[in-house]
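Dock chains B and C against chain A, hints included.
Residue numbers (this note's numbering), protein chains in the order written: chain A, 1 to 338; chain B, 1 to 299; chain C, 1 to 354.
No wet-lab data here; the hints were simulated from the structure.
A hint or two may mislead.
Quick partial rundown of chain C residues pointing at chain B, CB under 10 angstroms, derived from the structure [to be verified]: (1) Phe71; (2) Gly312; (3) Met316.
Listed next, the stretches of chain C that the computed footprint assigns to chain B, with coverage defined by at least 3 CB atoms under 8 angstroms from CB atoms of chain B [said to hold, decoys possible]: (4) 116-122; (5) 199-211; (6) 278-290; (7) 327-341.
Note that the structure is a prediction, hence the values are computed from the model and not measured.
For glycine and all other residues, C-beta sits at the position ideal for the given N, C-alpha and C.
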Amino acid sequence: MSETILSVENLRISFRRKDRLIQAVRGVSFSLKKGETLAIVGESGSGKSVTSRCLMRLLPEHTTEIREGRILYQGKDILKYSKREVEDLRGKEISMVFQDPMTSLNPTMKIGQQIMEGLLQHQSLTKAEAREKALEILKLVGIPHAEQRMEAYPHQFSGGMRQRVVIAIALACRPKILIADEPTTALDVTIQAQILELMKSVQEKTGMSIILITHDLGVVANMAQRVAVMYAGEIVEIGPTDEIFANPQHPYTKGLLRSMPRLDVKRNEPLVPIPGSPPDLSRLGTGCAFAPRCTCVMKVCHHCSPRQAPVGEDHLASCWLLDQRAEKARQAFQASGA
Amino acid sequence: MLVTLWVIATATFFLMKMLPGTPFNNERLSDQQLAVMNEKYGLDKPVAIQYLRYMANLAQGDLGESYKYVGRSVTEVIGERIGPSALIGFQALVLGTLIGLVLGVVSALKHNSLLDYTAVTLAVLGMSVPSFVFAALLQYYVGLKWGLLPPALWKGYEYTILPTLALSVTVIATVARFIRTEMLDVINQDYVLTASAKGLSRSKVIIRHVLRNALIPVVTMLGPLAVNIMTGTLVIEKIFSVPGLGEQFSLSVLVNDYSVIMGITLFYSCLFIFMVFLVDLLYGLLDPRINLRGGKQKG
Amino acid sequence: MNMELERSKTNPSLPIANQTLPPLDEIPADWFVPEPVDPRLQEQISGPMTSVWKDAMQRLVKNRGAVVSLFMILLIVFLALVGPYMSGRTYDEQNLLHSNLPPKIPGLEWLGFNGVDVNGVDQYEKRGITENFWFGTDEFGRDLWTRVWKGTQISLLIALLAALLDLLIGVAYGGISAFYGGKVDDFMQRIIEVLMGIPNLVVIILFILILEPGISSIVMAMIVTGWVNMARVVRGQIFQIKAQEFVLASKALGASNFRLIVRHLLPNAVGPILVTMMFTIPSAIFFEAFLSFIGLGLQPPLASLGTLIQDGYVGMRFFAYKLVFPGIVISILMICFNLLADGLRDALDPRMKK
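Next up, chain A with everything else stripped away, as it sits in the complex (with noise of 0.2 angstroms):
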């Protein structure tokens, strides 16, 4: 359970616009393991989206630069796929559930037909075959009388029903690694605690590993054993949930954690929001970004961009006061209480 199924190493990925050039991605390197989640956190315009549309190669051929990188699957380079490659890969190995259920579904097309899309292009199943697995699926991800189901259109369901529908589309034909891009945020409370409940427990049957994005920290702690952190394109923070949770290192993740309320910590302390808003991905210095607003700003932090440096065991984080350089800040720092 513990082998290496996926592995990003130093993807760069960048926007061309009519006059400017969008660093959405910038460096981003991490791996997932058989069977983990790996959750990804960060505010709009982290570059998370983008990281994981670029794993299915689902970005828009035109503007995309992919500048550097490489990511391994099962020992091949994802980015030098052939056209053919890619879409054997799309829906069998990797499947995405995105956001919005409303949009999400051909809404010309019964959803039994859409499910048997998936199955029949990648699997040799006469028309039968697949219909039988479909409604196999429907029932495994809970939507009730299936058989009749399978003949209706995708404006006759709930929104809950709907995100159903699209999770069952992914996991149609099992895939070994499921994107699930924000799959709640657009649900209600209740609802969303069933779709995270239906993507464990298809986790736990089949073996299937789970990058799971969200900007919801409640969501992360629920499901993921690791999390990264993600802000203005780089990953500034990753290691197990627990660990990040506990001692928490970049003061971006600290600021998270600060501004969200917990249920461990005392009812009359503050919550604390991060000032400013995220920097303009064309127009970057070449300082740690975050620098603007961070309240542990150095010097050295406006010029140079920090490098990763290891925390923990399987805790890693960039930022300048992990540097032995910066002990004499770090102490200054501790005292005012920032």
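This is chains B and C only, laid out in the frame that chain A set:
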């Protein structure tokens, strides 16, 4: 639909009554003869009675008699003339839609390429330049100067080609533009991404997901397109001397043949309303979100 | 090393180094000192502040098609106003000695303006005419240059009148319908539904028959059929705006109906209203030309683009120039108005991105 028809019939009737002069202006009739003609056509009775008679006749499908061609009913006249108009109209609609669809789809798929820009430019040209200018050009160059196709009259199938082409220009332009916009819109939808994420090849995604959704709204265009063609025939038929309904209308206008004018007006209106109705029906059948019995369904 | 923080040129709120950076292991220890937090760096405004209108203007200007169109339209309007006086003749001056002369412009003979007719004969030479008729003459010897531009004047006038009146009626109708909503709206919409069932052309033709062809009848006929479109657009816009929360907020703060209409609803609706108006103009030009073509338009000796095209068509075989000039003018006008209206619509729509 029936209410609209009734309103149109009534409106047309009263508008006709307001037309200056009598239909017999051009003849040099003595007063007695005039009186006889008036009586024959029931024009001497009070307006209210005339109206009731008119509506009663209408209900039975009788549009009255032509004032000009004595002895022939309006229905007869329409019946004779409708053939050519229907032929070129139908051809133009089908040809125009097909070409327009192909042009629009291809230019949407190759968005921002040279082909796209050319197509869009052509479409704007096609929609802006008046159809009779095109018709005149076609007639002059293709018909007269180069002698490739007969420039006028109606003596065989090849005589239908130029008029059809002239009529179809606006259709092609409108359809191409419309489907292009629709496709560009649909391609950016989430469910197209879902389809790609399933591992479907690009062509399958385009055909099964994009086209399917983009084509449906095109149906709604058929109504206005039909109207476009109907108005177009008035001029096109004149230019190419096609013995159709449009030409008849122009002729009748010139000689004040009121009953024929009314008849054709009503006919066109009915046709239009019928097309709108048909389009609504078709749209309801094609789009599963529309419940025919009323309104859209909610999930 | 003394490195001062410099403001980045592209983004004044972000600092950059003004010299090349040292390799990471060699950064001096004195850089690892706490910096005061600068609140100015925290919020980055992406792009200078502009109003909605300036934004739209900027986008419009970038649209080359629209700019060229605007220019062409202005050029044609200029010629329409000034052109008839440039030749020194009026549009209805007849001179049978000068009938059916091909166009001749000294200096532009190589383009075809050489006074040579279909048979290759130089008509000016043949008849010993010394004056130059830039666009040629018609069968009555009237100068076509003057007639074309006078005709353009009239066509534009008709179109503009029709568009403006459409605007007034449409805005009033649609505005009232949308503002009061409910039963008022229902009723007014029913009327429109019925009206829409009648093909426009039919109504226009009947109107003209009743009112005798002339400028006012054409304008009236076009208004009667055209206002419906404007009313629908206005209504749609107002409903959209009404539903937005800033209107509710304003109401909650106690704004009167009048204030709501004038300060909130109308300014936001102006965009699509303007665009619709811009589309109405070519439509009106087309209808006028169309009517003239089937004989229901203006009567001689008045000239409009439509009558000129009709005359030109009749003589097309031997006197192509009679059709070409008005044909070109009307085509250019329609293309340019359509492009301009398109450009305006794209520029005003905040969601448009290439």
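Taking the hints in turn, this is what the structure says about them:
At about 17 angstroms, the closest approach between the beta carbon of Phe71(C) and any beta carbon in chain B exceeds 10 angstroms, and the interface hint on this residue is violated. A hinted interface residue such as Gly312(C) counts as satisfied when its beta carbon comes closer than 10 angstroms to some beta carbon of chain B; here the least separation is about 8 angstroms, so the hint holds. With 10 angstroms as the threshold, the beta carbon of Met316(C) comes within range of chain B, its nearest partner Cβ sitting at about 6 angstroms, so the hint holds. Restraint check on the stretch 116-122 of chain C versus chain B: 0 residues with Cβ-Cβ distances below 8 angstroms, three needed, restraint violated.
A stretch counts as covered by a chain when three or more of its residues have a beta carbon under 8 angstroms from one of that chain; for the stretch 199-211 of chain C and chain B the count is 9, and the coverage holds. For the stretch 278-290 of chain C, the assignment as covered by chain B holds, since 4 residues bring a beta-carbon within under 8 angstroms of that chain's beta-carbons and 3 suffice. Counting residues of the stretch 327-341 of chain C whose CB lies closer than 8 angstroms to any CB of chain B gives 8, so the stated coverage by that chain holds, three being the minimum.
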